[in-house]
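Mind docking chain C on chain Z? Use the hints.
This is what each chain is made of:
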Amino acid sequence: DTAVSQTPKYLVTQMGNDKSIKCEQNLGHDTMYWYKQDSKKFLKIMFSYNNKELIINETVPNRFSPKSPDKAHLNLHINSLELGDSAVYFCASSQVLAGGLEQYFGPGTRLTVT
Amino acid sequence: ELKVEQNPLFLSMQEGKNYTIYCNYSTTSDRLYWYRQDPGKSLESLFVLLSNGAVKQEGRLMASLDTKARLSTLHITAAVHDLSATYFCAGFINTGTASKLTFGTGTRLQVTL
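These protein sequence lines are chains Z and C, in that order.
According to the numbering used here, the stretch in the first sequence is residues 1 to 114, in order.
According to the numbering used here, the stretch in the second sequence is residues 115 to 227, in order.
This is chain Z alone, in the form it adopts within the complex (with noise of 0.2 Å):
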């Protein structure tokens, strides 16, 4: 079973469109990330929430929605899309309340803006 899922793998559009990465984990865990790494594989951190409510906002444009329904989803809402907004988007699950270790990614979405 798959721990960490995100879908769709790819994405591509054109700027000024909305669209939406979803994020499921079936781990059980409190908390959810989202990250982004750019064309040169840097990796930040987006957004946190745990147990559905928003922890960390790190300065993200607010074209971009995180919205959590519940505790194992996580989806990226991205309005009016620009050129650098082109990335690998992953989301990441951990325990932190029970002071769990490891954090986990899913695969990653390729999003790319035409």
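Since the hints were made in silico from the structure, they are not lab data.
One should not assume that every hint holds.
Result set (EDC-like, lysine to aspartate or glutamate): computed pairs, CA atoms no more than 16 Å apart in a straight line [said to hold, decoys possible]:
1. K155/C x D196/C
2. K40/Z x E119/C
3. K117/C x D152/C
4. K117/C x E58/Z
5. K36/Z x E58/Z
6. K22/Z x E82/Z
7. K40/Z x D152/C
8. K155/C x D70/Z
Computed from a prediction, not measured in an experiment: that's the story for all the values here.
Chain C in isolation, oriented as in the chain Z frame:
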């Protein structure tokens, strides 16, 4: 704010040789992680280092942590082609309600025959 720097950014080494990747971080970090990423793939956790002097080994890779120097190293022994990948270190801060990883720039390792 925690900042994490790795060097080198790119490393080309021959099979059978040894080398070390360095990871410096700017402020106290609760833990230090090492990840591996193959091209087009996700991140695979290699090591979690929790305390000063921690050393962990898996196969040809050995990671260590010196919290006083704010330095972690990933040592590669007798490199083989299969180790070619990008390696990231990441510092971790947990404030109780919020926790996050701050990644280094990554080191792209290429092992040649």
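We went through each hint and held it up to the structure:
1. K155/C x D196/C: OK: K155/C and D196/C at ~15 Å, within 16 Å.
2. K40/Z x E119/C: holds, 15 Å
3. K117/C x D152/C: Not OK: K117/C and D152/C at ~24 Å, beyond 16 Å, violated.
4. K117/C x E58/Z: Roughly 14 Å between the alpha carbons, so the hint for K117/C and E58/Z holds.
5. K36/Z x E58/Z: Distance of about 11 Å is within 16 Å: holds.
6. K22/Z x E82/Z: violated, 19 Å
7. K40/Z x D152/C: Given pair K40/Z, D152/C holds - Cα atoms ~14 Å apart, limit 16 Å.
8. K155/C x D70/Z: Judged against 16 Å, a Cα distance of about 27 Å means the pair is violated.
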